[in-house]
Amino acid sequence: MMKLMTSTLLAAALVGMTASLAGADDGMVTLTLEISGVAPSDGYVMIGVFDSEAGWNDGAAVAGTRASVDGDQLTVAFTDLPAGTYGVKMYHDVDADGEMDTNLMGIPSEPFAFSNNAHGRFGPPEWNAAAFEVSADSSVHSVSFE
Amino acid sequence: MVTTSRREALKLLAAAGSVATMPVTAAARQMDPVFADYQAASRTDPWTLVVRDAPAEGFDSQATLISGTAPDGLTGTLFRNGPGRFSRQDWRYRHWFDGDGFLQSWNLGPDGVRHRGRFIETDKWQAEEAAGRFIVPALASVPPQPGGLSGPDDMNVANTSVLLLGDELLALWEGGSAWAVDPDTLESQGARRWGNGLDGVPFSAHPKREPDGGNVWNFGQDAIRDRMIIWKIASDGTLLQAGVVEDVPGGMVHDFVITEHSLVFLVGSYRFQDMRLPFLDSFAFDAEAPMIAIAIDKNDWTRRRTWELPPGFLFHFGGAWEEADGTIRLDAALSQDARFAMAGAYDIMRGQAETQTDSQARHMQVTLAPGGRSRIESLGDGYIEFPQVDPRLTGLRRRETWHIAWDADQPRGATRIERRNLHTGDRDVFDHGEAVFVEEPLFIPASPVAPEGQGWILHTALNTRVEQTELHAFNAQHLSDGPVASWRLPYACPFGFHGCWRSG
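These protein sequence lines are chains A and B, in that order.
All the letters of the first sequence, read from the start, carry residue numbers 0 to 145 under numbering that gives the first Met the number 0.
All the letters of the second sequence, read from the start, carry residue numbers 0 to 503 under numbering that gives the first Met the number 0.
Since the hints were made in silico from the structure, they are not lab data.
Heads up, some of the hints might be wrong.
Stated by the list, open to error - So the derived list for chain A, only partly shown, Cβ under 7 Å to chain B, looks like this:
{"id": "1", "residue": "MET99"}
{"id": "2", "residue": "ASN102"}
{"id": "3", "residue": "LEU103"}
{"id": "4", "residue": "ILE106"}
{"id": "5", "residue": "ASN115"}
{"id": "6", "residue": "ARG120"}
{"id": "7", "residue": "SER137"}
Said to hold, decoys possible - Not close to chain A: a few residues of chain B, all C-beta gaps over 12 Å, as computed:
{"id": "8", "residue": "GLY146"}
{"id": "9", "residue": "LEU392"}
{"id": "10", "residue": "ARG396"}
{"id": "11", "residue": "PRO410"}
Cβ coordinates follow ideal geometry from the N, Cα and C atoms, glycine included.
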């Protein structure tokens, strides 16, 4: 039984790898985000993926997800993205109300982070600071809330 | 529109050859030029002690009575706050207002005067103390290899003033949260949290307390978006109301005054232009922009009266009151430009004081009459700062203002303490002489029921002859008689900005 399951998982992994390789052939890749420094350990991490400076500035994401928080790190994958340049914005929706909470002055009061661990100064960082390349050879990106 | 940015002002005003923003030469690249200038100046000039780094472990010692007798009834604690850390790793802040908050307490008790000093352990302080270098872009300086900012509290230095609110002691800045501190140990307790979407919202450094246990009013400025936050807090620290007032021009508002019915702001001509780092570079002096007076109804923050005044700038008010017909009378230390913020406070960090970059704040009475009519009258010659009033008359008609004073040929600052009668113009003066530079004079009533102005003036000072900090107590009605008691520490402390008094 155990052997069968292992084989099945192995097969699935191989199939996945094949799919990934096949994807690489037509330029499609999977972006894997390794997110750390998540605290407190409840709520959701809300993630937006952007593929251009215009989209970054306008808030027009090409992919996005809401990932449940369980611990101080999590891994999220976005499949079928064309290889290219991306930027990621994320915030930790601690109270799970679907909104990024701000104080009376509009300053975020929930944690947020950007790809390249780029920091903004009184606002999100520039696209150039957050942009990174995603290719079949390089598709894992780490972001920390710390 | 004629505007002068800080950099342009430096070009115009600073002495040639020593400007921090000039292209870096090969030699200067090896050492921070501001750090080098200060080091050089501090070797020969004890006045530079006003901006020397306080020791990381702080101070704790007994002050020595050097003259007079401690007045009966003057028992309590003087708390004072100001910037105390200016350099790390041989790199020095460019502007006096950048330094990390260093809180001092002077406890006047039966066993004499005990002095303590301790850094306020803001998030910034803790991160930089651990790293051993400055990381965060400060108000007017960006350190080498700066980190990012996710909000104003990341750069909060809590370095400007102190407020007693119920049992709490709050160290105040003006761009973000107040910082809670234990009043007895001076141990930091973290940013003051208000909840209700108010965490991290600017809480300025000059709150005003209504007399007789009334409410505490404060504001916070959002200069980028021409908005003001208003805070109304009960004397026990309970938040009563906070909200946004729109359409208040972003003019670096540092202080305000209250009357019985109004909250009064003077928005100077030193205005937010566009977002830059360091943040202070976002402001420029617009010599054609009128100063705007805005009186907001305490009971309905949507109701306001406004006046246009000649271009100018100020840091501090004395006080204000309102006549039966709605006329507001206030006194303030007004200047025709923002030279000190734009240039003088940079010079100080290099250990230099230039007459041409000194503040030229003069004591002025401003009358804001119905129908937009206004009048500005001089209350005296010479330069003044840190105007103070009898706190029992905050917002009410009163006679007197105490302040520090100096003349045009004293760019290093004030040596005199003065009392001015607003109605008669009479002046009561004590000059400590050329070696003693004075700080904010706080008025302490002789008792809760003593007549107006009966009490003590308490102020700290740097004695450059002995290179030690002193505390002086005066009879507030007889300054010219000299201090009734003076104490001295075995060391010099960096200058502070503002303080408060806790009796008992």
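Consistency of the hints with the structure:
no.: 1; hint: MET99; in the structure: 12 Å, violated
no.: 2; hint: ASN102; in the structure: 5 Å, holds
no.: 3; hint: LEU103; in the structure: 5 Å, holds
no.: 4; hint: ILE106; in the structure: 5 Å, holds
no.: 5; hint: ASN115; in the structure: 11 Å, violated
no.: 6; hint: ARG120; in the structure: 5 Å, holds
no.: 7; hint: SER137; in the structure: 24 Å, violated
no.: 8; hint: GLY146; in the structure: 6 Å, violated
no.: 9; hint: LEU392; in the structure: 32 Å, holds
no.: 10; hint: ARG396; in the structure: 34 Å, holds
no.: 11; hint: PRO410; in the structure: 34 Å, holds
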